[in-house]
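> Each chain, letter by letter, is given below.
Number of protein chains: 2
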Amino acid sequence: MSLIVVGSMAFDAIETPFGKVDKIVGGAATYVAYAAANFVKPVQQVSIVGYDFPTEEMEELKGRGVQLEGVEIIPDKKSFFWSGRYHEDMNSRDTLITDLNVLADFNPKVPDSYQDSEFLMLGNLAPAVQISVIKQMKKRPKLIAMDTMNFWMEIALPELQQLLTMVDVLMINDAEARQLTGQYSLVKAAKDILTMGPKYLVIKKGEHGALLFHGDSVFFAPALPLEDVFDPTGAGDTFAGGFMGYLAKTKDVSFDNMKTAIIVGSAMASFCVEKFGATRLKEINHQDIDARIRQFKELVNFDIELV
Amino acid sequence: MSLIVVGSMAFDAIETPFGKVDKIVGGAATYVAYAAANFVKPVQQVSIVGYDFPTEEMEELKGRGVQLEGVEIIPDKKSFFWSGRYHEDMNSRDTLITDLNVLADFNPKVPDSYQDSEFLMLGNLAPAVQISVIKQMKKRPKLIAMDTMNFWMEIALPELQQLLTMVDVLMINDAEARQLTGQYSLVKAAKDILTMGPKYLVIKKGEHGALLFHGDSVFFAPALPLEDVFDPTGAGDTFAGGFMGYLAKTKDVSFDNMKTAIIVGSAMASFCVEKFGATRLKEINHQDIDARIRQFKELVNFDIELV
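Residue numbers (my numbering), protein chains in the order written: chain A, 273 to 579; chain B, 273 to 579.
FYI, nobody ran anything at the bench for these hints, they're computed from the structure.
Where hints are given, some of them may not hold.
In silico lysine to aspartate or glutamate, EDC-like type, Cα no more than 20 Å apart, as pairs [claimed, not checked]: (1) B:K547 with B:E287; (2) A:K460 with B:D361; (3) A:K477 with B:E499; (4) B:K460 with A:D500.
Produce the complete structure using the sequences and hints provided.
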């Protein structure tokens, strides 16, 4: 079983109350891949980078079972670069620089060797680009999940609405869910979104956890209470990687299994925020992940005899 | 088994995005009593009201097993009155009016008939007043829990610090935990607070749930995702009432049982916010409560075979 991951591979400059890095490897597809590779192999990457993207990072990914045939390397351009500064609460940030570079011309091609994949994760990109990937699949994957952002709701809403009819799972944050629907209540927003196409909706609330909606059912996964959130960059993509990686591993796309996948995603995200960039994701092993998932069980498990 | 509840009984004027009420019965002790009476009888109330507090409300409480011997009635003064307006997000509000009235002279007396009680809930009041209640108990209750607010941290910190050494459970919200410790991280704030006296700390996060800290252990209870939070007034006190009511009913003050009590408190609070004031709390029965607790189990229960 494999998982196709489409999205950016990039450099980030990040400033948090705890420190700063000038140039660290980032990008949605990078985080998704590092998280998912713990559960499913191969992860089949579709992305675009410039001449400056480190060979060692490519080797590191390959060593973890990430296939890079779908990653285009543009010899005379730079990789996508994002720079941001987090506020003290770590829930909000200012974008300082967005240099699209190679990403401006990203026209992803799904290699033939990826065509058998049954799981597809579309990282945040222009909706038209995400649509083009789905259309390239000769057989519709068993499960298509997507991320997006407020920017596309503002400048590409018709394409986004078309895309929503083509996917199974939408993963967005609380502010995006409110913007997409005009509903302040997340429960009402979820009801609206579930009429737009996706059968499953994940609303990410950062340090306040995540909600999974399906029909009239709802499931909640907390975020692990941490002493310090060191750097939230990539936490949402890492969450998506854990979620899709676990589903691809278990090949079970039922609501019950998605609950578990949400917990796995939350566990992976809780590692991601402990160090800058994907640093922590490269350090952990299966024992660490199992221990973290046990912590989530402890965090929410309770017994009751009804009153 | 009984539970002593100390706090205000009052009138509120409330404005939310959904409507307004000019004068509705409120007060911390009122909410605590309505919630706790579902689990423990008698609830032994200690409060103060003016000539204008409705006889029918007193009768309603009595009918639910709430003893009012400790409620002083001042014949020539008005009851405490609070008026506030909620913002659209319902997590923040502006206080418009605070008329202390009888509460300015509140010097609570614990009746002899309450002295056997093993559970004591101190609603938000001046720390010196809360201390005076503890000192009146001839035998220290098995479990003393308290609420407080930012105002007392600003004008009565020494008394508050003394009080903290005398109680078992502190229940405050996230902003108050941060203010009390100067720590932004709630995990760090909790560590600090657990050195100040209380062995158990509950941090209420409104729509984002509640955390229970004890030693190095932490438990998280979500808030139920609701279509509309109609009126959050009293939700924290209702939470406290469910929590203490359940502990008094089960007579078990272990950490494991407190986890369950936090869920019960969250369930009660989820009813409270559905209508203005304590309206909804007066309508529900044990079947409603059981069904709501089942919803909480559904909301967080997941299965996993570790990876």
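> Hints first: check each against the structure and report whether it holds.
Right, here's what the structure says about each hint:
Under the criterion of a C-alpha separation no larger than 20 Å, the hint pairing K547 (chain B) with E287 (chain B) is consistent with the structure, at around 12 Å. For the hint linking K460 (chain A) to D361 (chain B), the alpha-carbon distance of about 14 Å falls within 20 Å, and the restraint holds. Using a Cα cut-off of 20 Å, the hinted pair K477 (chain A) and E499 (chain B) holds, with the two alpha carbons roughly 17 Å apart. Between K460 (chain B) and D500 (chain A) the alpha-carbon distance is near 8 Å, which keeps this suggested pair within the 20 Å criterion.
Of the hints listed earlier, there is not a single one the structure fails to meet.
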